[in-house]
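From first to last, the protein sequence lines are chains A and B. Quick note: the first sequence uses numbering that gives the first Met the number 0, first residue 0, plus one each step. Quick note: the second sequence uses numbering that gives the first Met the number 0, first residue 0, plus one each step.
What the hints contain is simulated information worked out from the structure, not anything from laboratory work. Here the structure is a predicted model, which is why all the values come from computation and not from measurement. The C-beta atom is built at its ideal place from N, Cα and C for all residues, glycine as well. Treat the hints with care, since some could be wrong.
[Said to hold, decoys possible] Derived CB-CB ranges, DEER-like:
id	chain 1	residue 1	chain 2	residue 2	range
1	B	I255	A	G35	41 to 49 Å
2	B	P66	A	G35	34 to 42 Å
3	A	T57	B	Y281	48 to 56 Å
4	A	K147	B	L110	51 to 59 Å
5	B	D229	A	L78	35 to 43 Å
6	A	S197	B	Y281	39 to 47 Å
7	B	I81	A	G207	56 to 64 Å
8	A	T57	B	I175	53 to 61 Å
9	B	F28	A	V156	49 to 57 Å
10	B	L192	A	G35	29 to 37 Å
11	B	N258	A	M295	47 to 55 Å
12	A	K147	B	G68	34 to 42 Å
[Stated by the list, open to error] With a cut-off of at most 25 Å between alpha-carbon atoms, the simulated PhoX-like pairs for lysine-lysine come out as follows:
id	chain 1	residue 1	chain 2	residue 2
13	A	K200	B	K21
14	B	K21	A	K309
15	A	K224	B	K109
16	A	K309	B	K108
17	B	K21	B	K108
18	A	K200	A	K210
[To be verified] Below, a sample of chain A positions facing chain B; criterion: calculated Cβ distance under 10 Å:
id	residue
19	L21
20	L28
21	I34
22	W61
23	P63
24	V64
25	T114
26	L118
27	L146
28	V149
29	G151
30	Y204
31	L281
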Amino acid sequence: MAIFQSKNRKNNQILPYLFTSLTWCSGALIILIFIGLIIELCWQGRQAFSVFGFEFITSTTWNPVKQQYSAGVSLIGTLLSSCIGVMLALPLSFGCAYCLSELMPRFIARYMTATIQLLAAIPSIILGMWGFFILVPLMSKYVQPFLKQVFGNVPYVEILFSGGTFGVGILTAGLILAIMITPFITAMMQESFANTPSMLKESAYSLGATKWEVMRHVTLPWVQKGVIGGIVLGWGRALGETMAVTFVIGNAHHAGWSLFTSSNTIASLIALEFSESTAGSLKMSSLMALGAVLMMISFIVLFCSQLLLKQVLKSR
Amino acid sequence: MSQKLQKLHGNKNYLLSWRFIKNRLMTIFAFVTLGIMLCILVSILTNLIINGFSGLSFFTLFHMTAPQGLPGGLLNPILGSIIQVGLATLIAVPLGILGGVFLAECPNKKLSASIRFIADMMMSVPSILIGLFVYIILVMTMGYSAFAGACALAILALPVIARTTEEALNMVPVAIHEAGFALGAPKWKVVFLVCLPAARGGVITGILLAISRIAGETAPLLFTSLGNSDWSWNIFKPMASLPLVIYQYADSADDIWINLAWTAALLITIFVLCLNLIARIYVDRRRKKDQSL
Numbered sequence: 000m001a002i003f004q005s006k007n008r009k010n011n012q013i014l015p016y017l018f019t020s021l022t023w024c025s026g027a028l029i030i031l032i033f034i035g036l037i038i039e040l041c042w043q044g045r046q047a048f049s050v051f052g053f054e055f056i057t058s059t060t061w062n063p064v065k066q067q068y069s070a071g072v073s074l075i076g077t078l079l080s081s082c083i084g085v086m087l088a089l090p091l092s093f094g095c096a097y098c099l100s101e102l103m104p105r106f107i108a109r110y111m112t113a114t115i116q117l118l119a120a121i122p123s124i125i126l127g128m129w130g131f132f133i134l135v136p137l138m139s140k141y142v143q144p145f146l147k148q149v150f151g152n153v154p155y156v157e158i159l160f161s162g163g164t165f166g167v168g169i170l171t172a173g174l175i176l177a178i179m180i181t182p183f184i185t186a187m188m189q190e191s192f193a194n195t196p197s198m199l200k201e202s203a204y205s206l207g208a209t210k211w212e213v214m215r216h217v218t219l220p221w222v223q224k225g226v227i228g229g230i231v232l233g234w235g236r237a238l239g240e241t242m243a244v245t246f247v248i249g250n251a252h253h254a255g256w257s258l259f260t261s262s263n264t265i266a267s268l269i270a271l272e273f274s275e276s277t278a279g280s281l282k283m284s285s286l287m288a289l290g291a292v293l294m295m296i297s298f299i300v301l302f303c304s305q306l307l308l309k310q311v312l313k314s315r
Numbered sequence: 000m001s002q003k004l005q006k007l008h009g010n011k012n013y014l015l016s017w018r019f020i021k022n023r024l025m026t027i028f029a030f031v032t033l034g035i036m037l038c039i040l041v042s043i044l045t046n047l048i049i050n051g052f053s054g055l056s057f058f059t060l061f062h063m064t065a066p067q068g069l070p071g072g073l074l075n076p077i078l079g080s081i082i083q084v085g086l087a088t089l090i091a092v093p094l095g096i097l098g099g100v101f102l103a104e105c106p107n108k109k110l111s112a113s114i115r116f117i118a119d120m121m122m123s124v125p126s127i128l129i130g131l132f133v134y135i136i137l138v139m140t141m142g143y144s145a146f147a148g149a150c151a152l153a154i155l156a157l158p159v160i161a162r163t164t165e166e167a168l169n170m171v172p173v174a175i176h177e178a179g180f181a182l183g184a185p186k187w188k189v190v191f192l193v194c195l196p197a198a199r200g201g202v203i204t205g206i207l208l209a210i211s212r213i214a215g216e217t218a219p220l221l222f223t224s225l226g227n228s229d230w231s232w233n234i235f236k237p238m239a240s241l242p243l244v245i246y247q248y249a250d251s252a253d254d255i256w257i258n259l260a261w262t263a264a265l266l267i268t269i270f271v272l273c274l275n276l277i278a279r280i281y282v283d284r285r286r287k288k289d290q291s292l
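With the rest of the complex left out, here is chain A:
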């Protein structure tokens, strides 16, 4: 009771005012940071945008000697590696979520879920280091020669698997990204699976459906939007991943059809070239413009994913 008795009048007038203004400020701070992020990146990249114009996005040259910069190669690298990551993560996370939420006994599934989520907690730089020292040798020794052997003679597909097998490259980057986002998508899927009304599932079981049929024809249609939202959100995370990708993508400014060639992503290019560019130079401005492009892409992707997930929350 004592805490509610005001000690003096003055307190009563200032503190509510302080409370309202402080909470308003910190709420506004979140919006300000977000808007500031977009505006500042575009503003700092204005030099590059005005010099190169629209070619900044479509051209593929990155030549510090001739002072010509463009986002083409790293844009392709970003989209390609993240798409490979999502495509690999999709079956992995669906399998994990199916296993954890439907097939396993509750008490084992709880510990398994926590274990899988530990993988999400591992910092990206450590995953990158592991990829660099463990995964890259494995890729160059076994996986890439194997893929080459299998697809080497298939017309049209062979282009994807041509070139030297050095272990690094877009495919390896996609693999690391898949490992990073799988626990994340798994958690989203598990959450949405758990939201399916058990009445629906049980009526399907009572009709004699197998577990897979319940999953395929009852649960999946019910949670469609949530699952898609989770996947898109995972894609958004994969787009901007820096450290893990920098270690394994090879960092060459080179665009090709092969998944084995070294390339770079927008994030890895910024991380690498930043220390070599001076403030105020055209190169720095180009890096900021790259950041603005990345921000635009992730903004659109994250916006879509949040919209999808919001609809799920509303329908609940």
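Fit chain B to the supplied structure of chain A, relying on the hints for placement.
Positioned in the frame of chain A, the structure of chain B alone reads:
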């Protein structure tokens, strides 16, 4: 469907029917994917322990980083990381909690919904862009500093803390809320002395998860605190940190440096995983307590 079912009942070889086989195949597939993920986790952890444990000695922990060729340790990056993450927590926790209070208590539902939307997006914004942003607003005016690094980390932690605080506040029963008002307490007293203490479990969990997220972040520090091979207490000067040391050492060709990088990686991973486990156990305990009530 009904025709199919009729067929099924007539079918003596139910166990060999395609439906059953498909179910089996999907079950096997699910367990295999889970196995793959577990193998990856085990591989990461064992490699960290095998490669990093040998370097984990008193010498490493209590000596500074040295130039290539000389024996060096990790003292200044460890302290640098602690200082920067601590500073970031100090900045982000009050702002995050106030932001969470705003989200939960704001009378303007449209405004709070849009802030919530933005906070959710900010959680997934590439961390390297946050680094660039802090570089533009802080480093361009006052130079590379540990303070700028801490600000970048704080921006990363802010939406996480705000959202978890909001969720924890929403879990507090309305009756408790109203009891406070009924006693004649003003809003700020109800929120800070009644609701927040009742929601402290969720808030603390959110803070722990936010710290474990920023402790291993590298990309934002590259442009803000820059790294420092020397000793530095001054938070307005460049400062070393563990992730930056890993980034620098793992790329080198020197075996000693690579071993040090593994040791640093082991240290960070132990720290992050411990924080995560503590948060999870805390959540579990509280859930049990709530159920027993």
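So, going through the hints one by one against the coordinates:
Under the hint 41 to 49 Å, the C-beta atoms of B:I255 and A:G35, about 43 Å apart, fit the expected range. As the Cβ distance of B:P66 to A:G35 is approximately 39 Å, the hint placing it in 34 to 42 Å holds. Between A:T57 and B:Y281, the C-beta spacing of about 51 Å keeps the proposed range 48 to 56 Å intact. In this structure, A:K147 and B:L110 meet the distance hint of 51 to 59 Å, their C-beta atoms being roughly 56 Å apart.
Checking the proposed 35 to 43 Å range against B:D229 and A:L78 shows it holds: the Cβ atoms sit about 41 Å from each other. One distance hint, 39 to 47 Å for the beta-carbon pair A:S197 and B:Y281, is violated here, with the actual separation near 29 Å. In this structure the supplied range 56 to 64 Å holds for B:I81 paired with A:G207, their Cβ-Cβ distance being about 60 Å. Taking the beta carbon of each, A:T57 and B:I175 are about 59 Å apart, inside 53 to 61 Å as hinted.
Our hint of 49 to 57 Å for B:F28 and A:V156 is violated, since their Cβ atoms are close to 24 Å apart. Checked against the hint of 29 to 37 Å, the pair B:L192 and A:G35 passes, with Cβ atoms roughly 34 Å apart. Roughly 41 Å separates the CB atoms of B:N258 and A:M295, a value that falls outside the hinted 47 to 55 Å. Look at A:K147 against B:G68: about 40 Å separates their beta carbons, and that is inside 34 to 42 Å.
Restraint check for A:K200 and B:K21: the C-alpha separation of about 18 Å stays at or below 25 Å, so the hint holds. Only pairs whose Cα atoms come within 25 Å are accepted, and B:K21 paired with A:K309 is rejected, the gap being roughly 34 Å. Of the supplied pair hints, the one linking A:K224 and B:K109 holds, its CA atoms being roughly 23 Å apart against a limit of 25 Å. Taken as a hint, the A:K309 and B:K108 pair is honoured in the structure, with Cα atoms around 15 Å apart against an allowance of 25 Å.
The straight-line distance between the Cα atoms of B:K21 and B:K108 is roughly 48 Å, outside the 25 Å bound, and the hint therefore fails. A C-alpha spacing of about 9 Å is found between A:K200 and A:K210, which places the hinted pair at or below 25 Å, so the restraint holds. A least Cβ separation of about 5 Å between A:L21 and chain B falls short of the 10 Å threshold, and the interface hint therefore holds. Interface restraint check for A:L28: the shortest CB-CB distance to chain B comes to about 6 Å, inside 10 Å, so the restraint holds.
With a cut of 10 Å, the hint placing A:I34 at the interface with chain B holds, because the nearest CB-to-CB distance is about 9 Å. Here the hint on A:W61 is broken, as its CB sits about 18 Å from the closest CB of chain B, past 10 Å. At about 19 Å, the closest approach between the beta carbon of A:P63 and any beta carbon in chain B exceeds 10 Å, and the interface hint on this residue is violated. Against a cut-off of 10 Å between C-beta atoms, the interface hint on A:V64 is violated, since the closest Cβ of chain B lies about 24 Å away.
At a threshold of 10 Å, the smallest CB-CB gap from A:T114 to chain B is about 7 Å, leaving the interface hint in force. For A:L118, the suggested interface contact is upheld, since its CB lies about 5 Å from the closest CB of chain B, less than 10 Å. Given the 10 Å rule on beta carbons, the hint for A:L146 is violated: about 18 Å separates it from the nearest Cβ of chain B. Nearest Cβ of chain B to the Cβ of A:V149: about 20 Å, over the 10 Å cut. The hint is violated.
With 10 Å as the threshold, the beta carbon of A:G151 stays out of range of chain B, its nearest partner Cβ sitting at about 26 Å, so the hint is violated. Hint on A:Y204 is violated. Least Cβ distance to chain B is approximately 12 Å, over the 10 Å limit. A hinted interface residue such as A:L281 counts as satisfied when its beta carbon comes closer than 10 Å to some beta carbon of chain B; here the least separation is about 16 Å, so the hint is violated.
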